[in-house]
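Student: Residues per chain are reported as follows:
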Amino acid sequence: MTEKSKVIEGRTGPWEIVLGLEVHAQVASNAKLFSGAAVGFGAGPNEQVSLVDAAMPGMLPVINGHCVEQAVKTGLGLKAQINLKSHFDRKNYFYPDLPQGYQISQYKHPIVGEGEVIVEHDDGSTFMVRIERLHLEQDAGKSLHDQDPGATYIDLNRAGTALMEIVSMPDMRSAEEAAAYVKKLRTILVYLGTSDGDMEKGNLRADVNVSVCRPGAYEKYRETGSFSHLGTRCEIKNVNSYRYIQQAIEYEARRQIEILEEGGSISQETRLFDPTKGETRSMRSKEEAHDYRYFPDPDLLPLDLDPAWVKAIEATLPELPDAKKARLQAQYGLTAYDAQVLITEQARADFYEEAAKGRDAKLTANWVTNDLAARLTAGGFAIEDSPIKPAGIAELVQLIEEGVISSKIAKDVFERMWAGEGAAGAIVEKQGLRQVSDTGELEAIIDKLIADNPGQAAQVKEKPQAIGWFVGQVMKATGGKANPGVINGMLRAKLGG
Amino acid sequence: MAIDAATVRKVARLARLAQPEETLEKLAGELNGIMNWIEQLNEVDTDGVEPMTSVVQVPTPMRADVVTEGGDPEVVLSNAPRRAGNFFVVPKVVE
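Residue numbers (the numbering used here), protein chains in the order written: chain A, 518 to 1014; chain B, 49 to 143.
Treat each hint with caution, since some may be false.
Below, a list of computed lysine-lysine pairs in the DSS-like style, where the Cα atoms sit at most 25 Å apart [said to hold, decoys possible]: (1) A:K659 with B:K74; (2) A:K998 with A:K928; (3) A:K906 with A:K965; (4) B:K74 with A:K608; (5) A:K828 with A:K608; (6) B:K74 with A:K754; (7) A:K625 with B:K140; (8) A:K980 with A:K1011; (9) A:K754 with A:K828; (10) A:K993 with A:K928; (11) A:K906 with A:K874; (12) A:K608 with B:K140; (13) A:K794 with B:K58; (14) B:K140 with B:K58; (15) A:K828 with A:K841; (16) A:K754 with A:K701; (17) A:K754 with A:K625; (18) A:K794 with A:K841.
Think of the hints as simulated: they come from the structure by calculation, not from any bench.
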């Protein structure tokens, strides 16, 4: 499955990386997992905190049904097993931003079991990442360490927000694969609407498990399922961007190889990635706390899902990225690459499908994925807010298809459309950009060119490709408005090229 | 399960309880007594019986995804030993 392993040459021979990820995705919901306090970004400190979140004595958690539905929906989107019976455990540890003294999580019986995600490499080939489980848990509050030299400030707004922890099997073999997996997972979550996947706001973060082994060891692990074939892993906590994920993995793998090559051994530990230094360091503070003493939370009843309810949720699933990609390729004859670029965002694929109605599918895809995408990115626009609507692209493509304008002129028309000068057809008329296919007008230009350049004209007989020079000259003389097909034909007839 | 002084020390530390060294042995004895008493339950044959985590046999009540609480930092902070603006302030914790 993962043929694309990346070998790192060490002093004592080659090494390979093995990666497993725990992704924490904030559930898209109005209220928290066990309280009626709001979930959101940008509120003032402690403004979105209920007495449950603050763990006041006697307060009891009541689960938010929508968050359960979101977890089930995500599980279905990951083609995973939905566990109709699951329950919540307490994970005990002390930290000031965790007022309860424990996190409510699902340890032994998660709501979602094994699933899978198909991930694309940059070159379009794919690999599969197995999902071990998905469970629901509470987020902690936020600690601010930089407000006071002798104290820590605590904001509990985030405390109790619902998270889905999605645990993968160790199926990624390079930093690029890990980043590609997170990207794909994020796309699926956004399609499902179960998380906004906003990494900048910390709504999607990853813990990365890194280990290294000699070539061949990973294959043995896959054959036997025994982790003993793999190296000891270190867990890098809370990495929250694709770039940091890659940097952290590359640094950590090199660190481990260095220790092993010097005859040392890796101790299993939790590490922190420091983006400013580009390195990982041990989180000693967490080591002692590793004894979480999980036990079933007596404040919460087991979750008992009705199979009919799960079926009803299944019926609401949207077309997911893989299915959409396959359909775009089949329905529009697009390449895997074009389809991939289009499905990265649901809205982009929708935009495309609307623009492509009755138009040349490939040409439309080019305009949506190249010129328009570049303009949108440069201007910081989401495709939903694009100043040029699908109908605008469709009209432009139609003008090209019908030979009214050349592809080159179309770029100019597109820029004018972007600048708000109106629809494609109107711009072409107003600016006189209609392609010159009038043979009389072109004939005069061509005859004059041949008369003025007899040497070049003679050359065409021996070197047919020299005709290109004439095509260029005619284009120049007509301001790019000549129809290249028409000129070519006329020149051939006259010069015998 | 036998509890010794070292186990008591570890559990006390995990629970953030400052337990003087000279009390550990005595506590170990008391805890062993409690554990032994509970272990009588092992005499019951529970083969094939699903573990029960709750005595309440009703479906989990679920709340609607509606904001009904919060928006009042004063209430939340009213018991805080120390505050700065609307933040709780605690002794410095460093990663």
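Student: Which of the listed hints are not met by the structure?
Tutor: Structure breaks hints 1, 3, 4, 5, 6, 7, 9, 13, 18.
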